[in-house]
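Which chain is which? The protein sequence lines are A and B, in order. For what it's worth, the numbering used here labels the leading residue of the first sequence as 1, then goes sequentially. For what it's worth, the numbering used here labels the leading residue of the second sequence as 1, then goes sequentially.
Everything labelled a hint here was simulated from the structure, so no lab data went into it. Check before you lean on any hint, since a few could be wrong.
Covered stretches of chain B, as calculated for chain A (at least 3 residues, CB under 8 Å) [claimed, not checked]: (1) 453-464; (2) 556-568.
In silico DSSO-like pairs for lysine-lysine, Cα to Cα no more than 30 Å straight-line [unchecked claim]: (3) A:Lys22 / B:Lys691; (4) B:Lys298 / B:Lys54; (5) B:Lys683 / A:Lys22; (6) B:Lys97 / B:Lys298; (7) B:Lys765 / B:Lys298.
A virtual CB, placed ideally from N, CA and C, is assigned to each residue, including glycine.
Below are the chains, spelled out letter by letter.
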Amino acid sequence: MPEFLTLRVNGEPVQVIAPVHKTLLEVLREDLGLTGTKHGCELGECGTCTVLVDGEPVLSCLVLPVECQGQEILTVEGLAASGRLHPLQQAFAELGAAQCGYCIPGILLTSKALLDASPQPTRDEIREALAGNLCRCTGYTKILEAVELAALRMAGEERAAAGGLGARAAGQGGGR
Amino acid sequence: MSPKEELAVIGKPLPKVDAWEKVAGDTRFADDLFLPRMAYAKILRSCHPHALIKRIETSRARALPGVYAVITGADFPPVKFGIMPTSQDEEVLCTEKVRFVGDPVAAVAAVDEETAERATELIDVEYEVLPTIMSIEQALAQEKVRIHEYGDGPNIHKAVSLEFGDVEEAFRQAHLVREDVFYFEGNTHLPMEQHAAVARWGPDGKLTLWSSTQTPHYVHRAMAKVLGLPMSHVRVIATPNGGGFGGKSDPFSHEMVVARFAQLTGRPVKCTLTREEVFYCHRGRHPVLMWVKTGVTKTGEILGMHFRSWLDGGAYGSYGVASTYYTGVLQTSTYKVPVYKFEGMRVFTNKPPCGPKRGHGTPQPRYALECHLDKIAADLGLDPVELRRRQLVDEFSMTANHLTITTCGLGECIDKVVEASGWRDKFRKLPPGRGVGFAASAYITGAGLPIYWNKMPHSGVIVKIDRGGGVTVFCGSTDIGQGSDSVLAYVVAEVLGIAPEDIRVVTGDTDLTPVDLGSYSSRVTIMTGNAAKEAAEKLQGLLFDAAAKKLDVPPSALEARARRIFVRDDPDKGMSFPDAAQLAEAAYGTLAAAGSYTPPMRGGKFKGSGVGPTPAYSYSACVVEVAVDPETGEVRPVEIWIAHDVGRAINPLLVEGQVEGSIYMGLGEALMEEQVFRKGLHKIPSMLEYKSPTTLETPEIRTVLVETLDPEGPFGAKESGQGPLLPVIPAIANAVYDAVGVRVDEVPITPEKVLKGLDLRAQGKEPRVGPERVPAARFPEPIRVPLPGEDSTLEAQATIYRRAIHRREGPRS
Chain A
1 MPEFLTLRVN
11 GEPVQVIAPV
21 HKTLLEVLRE
31 DLGLTGTKHG
41 CELGECGTCT
51 VLVDGEPVLS
61 CLVLPVECQG
71 QEILTVEGLA
81 ASGRLHPLQQ
91 AFAELGAAQC
101 GYCIPGILLT
111 SKALLDASPQ
121 PTRDEIREAL
131 AGNLCRCTGY
141 TKILEAVELA
151 ALRMAGEERA
161 AAGGLGARAA
171 GQGGGR
Chain B
1 MSPKEELAVI
11 GKPLPKVDAW
21 EKVAGDTRFA
31 DDLFLPRMAY
41 AKILRSCHPH
51 ALIKRIETSR
61 ARALPGVYAV
71 ITGADFPPVK
81 FGIMPTSQDE
91 EVLCTEKVRF
101 VGDPVAAVAA
111 VDEETAERAT
121 ELIDVEYEVL
131 PTIMSIEQAL
141 AQEKVRIHEY
151 GDGPNIHKAV
161 SLEFGDVEEA
171 FRQAHLVRED
181 VFYFEGNTHL
191 PMEQHAAVAR
201 WGPDGKLTLW
211 SSTQTPHYVH
221 RAMAKVLGLP
231 MSHVRVIATP
241 NGGGFGGKSD
251 PFSHEMVVAR
261 FAQLTGRPVK
271 CTLTREEVFY
281 CHRGRHPVLM
291 WVKTGVTKTG
301 EILGMHFRSW
311 LDGGAYGSYG
321 VASTYYTGVL
331 QTSTYKVPVY
341 KFEGMRVFTN
351 KPPCGPKRGH
361 GTPQPRYALE
371 CHLDKIAADL
381 GLDPVELRRR
391 QLVDEFSMTA
401 NHLTITTCGL
411 GECIDKVVEA
421 SGWRDKFRKL
431 PPGRGVGFAA
441 SAYITGAGLP
451 IYWNKMPHSG
461 VIVKIDRGGG
471 VTVFCGSTDI
481 GQGSDSVLAY
491 VVAEVLGIAP
501 EDIRVVTGDT
511 DLTPVDLGSY
521 SSRVTIMTGN
531 AAKEAAEKLQ
541 GLLFDAAAKK
551 LDVPPSALEA
561 RARRIFVRDD
571 PDKGMSFPDA
581 AQLAEAAYGT
591 LAAAGSYTPP
601 MRGGKFKGSG
611 VGPTPAYSYS
621 ACVVEVAVDP
631 ETGEVRPVEI
641 WIAHDVGRAI
651 NPLLVEGQVE
661 GSIYMGLGEA
671 LMEEQVFRKG
681 LHKIPSMLEY
691 KSPTTLETPE
701 IRTVLVETLD
711 PEGPFGAKES
721 GQGPLLPVIP
731 AIANAVYDAV
741 GVRVDEVPIT
751 PEKVLKGLDL
761 RAQGKEPRVG
771 PERVPAARFP
781 EPIRVPLPGE
791 DSTLEAQATI
801 YRRAIHRREG
811 PRS
């Protein structure tokens, strides 16, 4: 039976009428038109459909929207707040971390959760955090480099915001 | 060729032109298309590996509320299709017989996927089950059970035999003759995006198909054939591919199913395969059994080689004829093999059809050859790197099987990885359980011939300049993530002196773009790059002519750079690019130009010579360091060093990405990935159970790019998307031997196999795990081809070399 759902997606309230058994992935893509969230298996195995729910990475193919009512859902479309790319997006684009790009929305969101919790992760910590997100194109190398570059830049921005030496982030260039 | 420092765009680590939309989640893949009134299709697939279809009853499915249409093979003209003209053996929906679990039988279009799925369960199919053939040995042993009625023998799709010089004589003269047997299990592409297609039948009676395909032109041809439509009424749009790796290179049943449904229902229709279906549609790496015999001198120089391969092709032809040849042709393109014989055979089995996966038919023999050479080095007490290093093919030479080598940076690649990895301090010197392995390889930069015989260009590009200076590039190529759209923009930007971001690229649309044959055989950069360069140079000529008149200088005095056209020796004298464009349009009319590219015809004059020739070969050398756990048998790659001769890195960032991705994919094939079956059913058709490397299994990859500026490539570029996969697998196998003294002559190198080898070693037996024997040879009489230089081709060959050397030294760009 269709259910009337009120969700918060990318900071905005949205109302949806959808069958209760429809997954969050399906509701995001099919009912809300947010096709930035992709799917690779729809069985919770590949990490492609990852979104953040209250800041935590969640496999949207395994979650029912009814469980997320009252929580903040963040998809890749919400990552570029007010049209400005998130430093992760910027770094992924600059370093060629997105080849086919299909797994990238899920990886960006998983990485955001990591950096929010641990702003200066080691490479091994990044590997650990991304171990559930499969990518078949990149061999992960450029993805790891891009997360590191974004972390550096975000740290620089924070220092700048705190009145520190803001020039450092800009000086990172392509990180190469 | 312009010196590197003179180039403004080529060689720079720029973002891809589609990078921004990809990181923003804006890229529209096929399944992201939602059209008004759209219906959803599901395909009922055979649950038997081999059976006759006695009856299909669809009335219960038709009666289900929400179902728009149900179709079977009877709803299509009785026409078969397939990618190769000689292997037209597939039906959209099987009419008489199914040949593997997953063969399409019927299809439903309904209001949603769930209803369509439910309706497929209401279709009653009565089968008469047939005996199954599940291995190469069974295929060759069964005379009576026949999967297909065509081919080179019972269940033999293709059998080939070619001999270049007298190998038996070479073996008689050899100091050492060694034979080895290897097996490479099949594996699959596993693109993150499942295949999807959307069809729309317009009120004008014309069809539009959006599909995640690597080969829109070949799909275009197949669609027209199967649906009985003129090609001019079929438009195929290749959506950005969410990974391909060769798995989206065939025309597929679901593409034709949605088209027919769109016609029948008057609605747009979408079909997205489930992950399980993707495993069954497959077209991936062939399982190959291989036997190799090589005669060498005391110092390891190869005198002659004889190679046999048996390919398990699965249920249909696909690219299999080409795959068969590819298991034999490139053995000669890395080290000098003066005399060579190849026999290959592809059999049909009741498994998902195999086809091209990254490296197409060459990773298997490369694994066999590089392990075989390691064993020869050990027999002779030589360093395996030295054994290879001293007999590399010469630049601008011809191999025994008539392949023309242009540039070859393999020597430099070897030196670079040997140094970076610390090979000399590690080989045979690391503590037990640790080891290093080496291997090298070559790969084609685009096939010399198209899939179907024709004399037209392989790639076409149209470039158009707008009055504001904006430039649009049209090309039939398909971006599967490798960056082919970006390559078009970089090349045109370089020639016209503008920035890649000033260029819009329109690709993979059979209505809008000139034909490019597709993203396969590592052909895209060289072919679209050369075509784009030609088109852009024509426009540059018009712009320079118009600007020269205005500036009162000869056109040859001008240069285009930084969005300006100016006098080279007086840079202040010039004009903006848009101003030049307007002058040129006023003088010559609408500014558009076409460029096209056809590879040089270089194959020998014998049957089978069409596979292997290419404008240029890329080269790779690889060292892998592994740690092997003697308790569990687990092989952990510690670090991988690779050097790749890419000719010229059009964008080093993207080339590195291709190399790293290739290494990763080879690593998965070497250690864990395999397509395995039980009674015709895939044992592990899921991303959880089909193990592929995660961030935790992928080690640090150290990439070195080597540039040789090949005269054939645009700005000297060769391929990078497939070749670097090849050496990884044998390098890992060789490293395992260095670590624990066990030879695993069968891929993947699983912990079970390593433990078995360690057990054998502990028992004092030969520590080798792998196939023991090969089937009795039933190859045709070989076609005996004179070696280059043994006949009148000598003079022609000399001309080729002279031309090649001339081009390199006095380049055409």
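Results for each hint:
no.	hint	in the structure
1	453-464	violated (count 0)
2	556-568	violated (count 0)
3	A:Lys22 / B:Lys691	28 Å, holds
4	B:Lys298 / B:Lys54	64 Å, violated
5	B:Lys683 / A:Lys22	29 Å, holds
6	B:Lys97 / B:Lys298	56 Å, violated
7	B:Lys765 / B:Lys298	27 Å, holds
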